[in-house]
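There are 2 protein chains.
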Amino acid sequence: MVESWSFLDTVESNFRPLVVIELAKGTKEETIEWFTKRIVDKKANGGAQLLIKPLVTENGAENIYLVGASHLRLLLGAESVGLVKECNDNSMRTFTYSSRKTFKDFADDNHNFLTMAECQYIIKHELENLRAKNEKMIPGYPQAKLYPGKSIVRRLLTNGILVQIFPLHDREELKKLRHSWYGRVKVGYQPLDDIRCYFGETIALYFGFLEYFTFALIPMAVIGIPYYVFAWEDYDKYVMFATFNLLWSTVILEVWKRICAILTYRWGTLLMKRQFEEPRPGFHGVLGINPVTGREEPVYSSIKRQLRIYLVSLPFVCLCLYFSLYVMMIYFDLEQWALDYHKENESNFSSLMLYVPSIIYAVVIEIMNRIYRYAAEFLTSWENHRLESSYQNHLILKVLVFNFLNCFASLFYIAFVLFDMKLLRQSLATLLITSQILNQFVESLLPYWLQKRYSRRMKKRMCSQKTDMNLSLADQVNMEKEMGTYLGTFDDYLELFLQFGYVSLFSCVYPLAAVFAVLNNITEIYSDALKMCRVYKRPFAEPTANIGVWQLAFETMSVISVVTNCILIGMSPQVDALFPDSKMDLVLTVALVEHLILAIKFIMAFVIPDKPRDIQMKLARLEFESLEALKQQVRAFQMQLHFLLIHH
Amino acid sequence: MVESWSFLDTVESNFRPLVVIELAKGTKEETIEWFTKRIVDKKANGGAQLLIKPLVTENGAENIYLVGASHLRLLLGAESVGLVKECNDNSMRTFTYSSRKTFKDFADDNHNFLTMAECQYIIKHELENLRAKNEKMIPGYPQAKLYPGKSIVRRLLTNGILVQIFPLHDREELKKLRHSWYGRVKVGYQPLDDIRCYFGETIALYFGFLEYFTFALIPMAVIGIPYYVFAWEDYDKYVMFATFNLLWSTVILEVWKRICAILTYRWGTLLMKRQFEEPRPGFHGVLGINPVTGREEPVYSSIKRQLRIYLVSLPFVCLCLYFSLYVMMIYFDLEQWALDYHKENESNFSSLMLYVPSIIYAVVIEIMNRIYRYAAEFLTSWENHRLESSYQNHLILKVLVFNFLNCFASLFYIAFVLFDMKLLRQSLATLLITSQILNQFVESLLPYWLQKRYSRRMKKRMCSQKTDMNLSLADQVNMEKEMGTYLGTFDDYLELFLQFGYVSLFSCVYPLAAVFAVLNNITEIYSDALKMCRVYKRPFAEPTANIGVWQLAFETMSVISVVTNCILIGMSPQVDALFPDSKMDLVLTVALVEHLILAIKFIMAFVIPDKPRDIQMKLARLEFESLEALKQQVRAFQMQLHFLLIHH
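Those sequence lines, one after another, are chains A and B. Residue 26 in UniProt numbering sits at position 26 of the first sequence, with consecutive numbering throughout. Residue 496 in UniProt numbering sits at position 496 of the second sequence, with consecutive numbering throughout.
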């Protein structure tokens with residue numbers, strides 16, 4: 001039945017499965033029929049005009065469907081999502097079907113003009129924009145209400161009729177990508193363009209940032225090593241190192257913006273127009289009129305949301321912060337106990353015991369971070385934000401504040417209340433190294449184990465039905481649908497953010513932190529790559545032009561680190577010794593230096609352009625062209641008009 | 001000859017003179033003929049399609065021409081400059097001729113739909129965009145080279161053939177405006193909308209800012225008065241005042257952005273698309289290809305410009321700064337001498353003499369500022385910036401840095417090197433009051449005298465030929481062409497900026513400064529209004545959406561004032577007395593408070609939205625509509641295409 005519709009539009013041999021739709025077991029037949037009809041229906045009739053085919057396995061139909069689209073449909077979809085591609089004259093332009101011939105590598109028979117990730121993104125976009133017409137509910141499910149303009153897929157998802165939608169892996173491409181990414185031991189850059197073609201811009205940009213950040217940390221690490229090796233403790237050397245670090249962190253964050261602009265210009269996302277943001281899937285409310293769109297859709301009072309934020313979320317976050325500080329105080333009691341124990345019975349064991357509280361504390365911090373993360377997600381989702389971006393911002397703010405305090409409060413306490421530099425160095429090292437080992441375990445050893453299991457299962461299947469290509473596809477789908485879902489780059493950026501904190505906040509006390517960070521990041525690249533390629537379902541590509549709020553988060557951290565480092569240097573006995581007569585002069589000098597560094601940082605951030613000159617020129621050229629086109633249009637219209645006015 | 005062309009397009013009775021063009025005496029006949037022909041020529045032939053008429057006076061032709069345009073021409077011009085007007089449904093939309101009926105107050109016979117200032121802006125825009133076709137030079141002037149696309153008016157201006165272009169005053173409207181603005185003694189707001197209709201958005205926004213700023217200073221002034229009256233010297237009261245001031249200055253700057261958004265939304269400029277920026281009139285270079293536009297135009301190497309900036313301008317500015325500091329040291333010598341004199345022979349005269357050095361220094365500062373201004377203009381123009389915006393930014397940076405140092409260096413020196421609070425208060429008062437009196441003299445008494453002369457001359461003429469309406473127009477033109485040219489809001493903003501510095505940098509030492517600032521600003525509003533209406537030629541309207549770089553300048557000043565005020569409070573004997581044992585604790589407390597206030601400022605600036613919620617909603621609605629329109633367009637095209645593909 002479904003296939004017969006598809007046949008209307010395409011010959012079966014052309015069908016290339018791109019996206020998998022899994023419906024709940026026992027979904028009513030009329031629902032399936034209605035849904036698939038809507039998917040294949042003509043655009044003119046309000047359908048998505050895609051191709052859909054049930055997956056046939058040895059166990060019979062499993063309510064799994066493969067979605068594809070004709071080549072023409074994908075090109076038209078590329079236009080409606082506003083894809084930006086490279087032209088024959090090497091400039092980047094928004095793709096339109098009418099100007100398709102001017103684009104690089106375009107040919108009517110070249111089905112690789114759009115990458116598979118782009119095709120899947122287009123299909124996802126088209127599916128999500130498949131909207132209810134006059135249906136009052138989903139056929140067969142009277143409790144699943146619809147209203148004109150409601151996204152059908154989102155309603156199916158929130159009602160549990162649709163279990164999941166995910167894009168298929170391309171095993172050939174993935175193999176090639178794996179090989180060039182982490183398959184061979186080599187020193188060099190990651191194949192960012194290939195990653196972007198396969199996984200989309202958001203993920204490629206994360207790996208780009210991870211790589212850039214690792215390279216950027218190397219100078220800090222290199223300068224930090226001799227301090228450790230030669231146990232330098234001179235005042236001037238420390239000041240030099242810290243000053244270099246503080247200014248360097250501004251430079252790297254500014255330069256990243258430029259590199260990001262270069263990357264996203266090449267990928268076309270820098271020029272992509274923002275699409276109008278639809279309400280996020282979880283958003284609910286009573287049906288009302290949206291004042292912006294004038295459409296009927298759920299509306300939720302902003303005052304109610306504010307009340308939830310300020311009367312529930314805010315007190316909860318404060319409570320969590322208090323709890324985190326309470327745990328910290330327990331840690332200090334433990335630390336004291338370990339110290340007493342060490343003093344009473346001095347032995348190798350007791351000196352080892354000195355590290356135990358820190359290690360326990362580091363583990364507890366990690367656990368608290370993870371539990372808090374769930375709580376924050378639950379709360380933010382309960383706040384019922386209309387837009388995904390607003391949801392994300394509130395979630396990130398909650399998580400950042402808590403994680404910052406949770407990870408660094410004890411270090412601040414040691415540094416600025418206890419004034420114990422030795423303990424600070426030891427705690428910092430223990431926290432940093434423990435959290436890195438924990439993360440590597442969760443992200444690298446676990447994936448490795450999963451991969452083992454995966455390949456074992458795969459081999460078993462392959463042996464039994466190796467020859468049948470169609471069954472092999474069914475196998476692939478069945479295997480991929482069981483894989484975990486990659487939840488986005490949030491946790492990966494968060495990890496980098498905390499690492500940046502460990503490296504920069506107390507850099508003048510523990511220069512070796514940068515060395516550990518670099519080592520960790522190198523393995524991180526490999527483990528994250530493994531995770532993307534082997535452990536998780538392929539994620540949908542998400543076009544993006546920058547790393548968003550993380551840029552601000554890193555910049556804020558670098559400002560805070562100026563303050564902490566200046567105080568640390570001011571407190572060091574070497575500096576103290578330079579001002580034997582007057583502590584006043586010392587404090588004033590430190591304050592002056594701090595303000596100077598802050599001023600230089602702001603001026604540097606202001607002076608370094610966010611985009612390289614050639615990108616600026618290219619953007620200016622595009623803007624000029626679009627203005628000219630508009631002018632031409634106006635002029636042509638005016639001439640027509642004048643002609644009419646004169647001749648009538 | 002010229003008139004006969006104009007007749008082609010309109011009946012003479014319809015001609016309303018809007019803009020005056022003054023050509024140099026003795027301009028060749030063929031040049032005039034060619035220029036006027038180009039102005040009246042059809043758009044299709046590359047002309048401006050405006051109306052032009054020579055001004056006939058009793059002395060015969062004086063090479064003065066009046067430019068106007070037909071009603072239709074102005075409406076089409078409004079579309080090409082991208083004017084935004086109010087629609088019947090109260091939303092603001094970009095005006096297009098085809099949708100003209102949907103706009104408020106539009107009627108084909110309503111010639112007041114566009115304000116006179118808008119008409120003049122359109123004519124200016126059309127004249128500036130009158131471009132050379134294949135002419136190699138201006139006829140009659142072989143040295144005045146042209147190339148295709150060069151603005152003819154700009155070439156005529158730089159070659160001195162065109163003396164000036166200015167818009168005519170509308171005496172009826174001006175009289176009404178004068179009356180409602182400053183004609184009657186009243187307490188109330190300025191008629192900002194009327195000012196905007198008559199003078200355009202840039203000037204209206206300046207007056208809006210001046211008024212807002214005055215109101216915003218009132219709370220500071222009110223709180224400051226009791227400190228003076230009761231001679232409060234308590235620590236806590238000072239701290240309260242200073243803290244209030246510092247946070248208040250952030251609030252007022254953030255709230256201004258919102259008010260600015262409300263004003264410019266109502267005026268339509270918030271939505272106006274930025275036009276592509278042409279090279280500024282003074283820009284010169286060898287003919288080359290502009291990489292952005294692909295057109296042939298003068299190109300000047302960026303490296304040469306950088307060399308000029310860093311090897312000439314920068315050292316010159318540094319030299320000026322050094323000189324300014326040198327003058328400051330002379331002032332301190334004078335001050336010392338006056339003090340000695342007072343000590344030797346104590347008398348009323350000698351105690352008066354104590355103020356003389358400050359007054360002399362204030363006058364010298366004003367003179368140096370004005371001389372430096374010319375030097376900065378010369379240098380920046382010599383740097384040969386391609387764009388007016390880049391020229392303005394470099395000029396403003398140069399002037400701000402010098403004026404800041406010139407005005408405040410002595411105060412900083414007194415406060416943080418001499419630690420003499422009494423002298424600081426005295427110097428601050430003398431500098432502030434002297435500079436305000438000087439400014440009021442230059443801007444208010446001088447205009448008053450000029451206005452007297454103006455009206456006397458006017459009366460003399462009016463008596464002799466009162467009846468002839470045409471001659472009255474000639475009189476008006478002749479009188480207005482002799483009036484001074486208003487050079488933009490730069491100096492007015494600069495004055496406010498320096499005043500803001502006097503008020504906020506040392507506010508905790510001299511709370512009365514805000515009182516003087518408020519008093520000054522009230523008279524400033526009137527004197528500036530007088531200046532605009534009576535002293536200067538009417539300026540062309542300039543659409544703008546904000547006060548530009550001045551917002552940043554004021555914000556920077558408010559950050560610097562946090563630092564200075566915290567130090568001042570920390571140095572006060574009352575605060576000193578609170579920490580009798582440890583100066584360390586004092587300094588640390590002050591540093592902590594400073595960082596707290598700075599952090600609160602940044603968070604406040606981040607949290608307060610730049611646009612009020614209803615403006616945000618309106619903007620979102622417009623964006624949504626334009627995206628929807630685009631989508632409709634794409635969809636319609638795609639349906640056509642599908643139809644074609646299916647049926648062929």
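Among the clues, some could well be false.
Since the list gives no way to pick out one identical chain from another, each pair is judged satisfied if it fits inside one copy or across any two copies.
[Claimed, not checked] Below are the DMTMM-like pairs computed for lysine to aspartate or glutamate, each with C-alpha atoms no more than 20 Å apart in a straight line: (1) LYS42 <-> GLU482; (2) LYS175 <-> GLU297; (3) LYS37 <-> GLU377; (4) LYS150 <-> GLU625; (5) LYS618 <-> GLU278; (6) LYS631 <-> ASP41; (7) LYS273 <-> GLU625; (8) LYS237 <-> GLU377; (9) LYS133 <-> GLU628; (10) LYS273 <-> GLU623; (11) LYS37 <-> GLU135; (12) LYS304 <-> ASP614.
In case anyone wonders, no lab produced these hints; they're calculated from the structure. Everything numeric in this text was worked out from a predicted model, so none of it was measured.
How the hints compare with the structure:
1. LYS42 <-> GLU482: neither (33 Å within a copy, 71 Å between copies)
2. LYS175 <-> GLU297: For LYS175 and GLU297, the Cα distance exceeds 20 Å both inside one copy (45 Å) and across copies (52 Å).
3. LYS37 <-> GLU377: neither (36 Å within a copy, 71 Å between copies)
4. LYS150 <-> GLU625: between (37 Å within a copy, 18 Å between copies)
5. LYS618 <-> GLU278: between (31 Å within a copy, 17 Å between copies)
6. LYS631 <-> ASP41: between (39 Å within a copy, 19 Å between copies)
7. LYS273 <-> GLU625: For LYS273 and GLU625, both the intra-copy (16 Å) and inter-copy (14 Å) Cα distances are at most 20 Å.
8. LYS237 <-> GLU377: For LYS237 and GLU377, neither the intra-copy (45 Å) nor the inter-copy (45 Å) Cα distance is at most 20 Å.
9. LYS133 <-> GLU628: between (39 Å within a copy, 17 Å between copies)
10. LYS273 <-> GLU623: Answer is both; intra-copy 13 Å and inter-copy 11 Å each pass.
11. LYS37 <-> GLU135: Intra 14 Å, inter 65 Å, cutoff 20 Å: intra-copy only.
12. LYS304 <-> ASP614: between (48 Å within a copy, 18 Å between copies)
Of the hints listed earlier, those the structure fails to meet are numbers 1, 2, 3, 8, in rising order.
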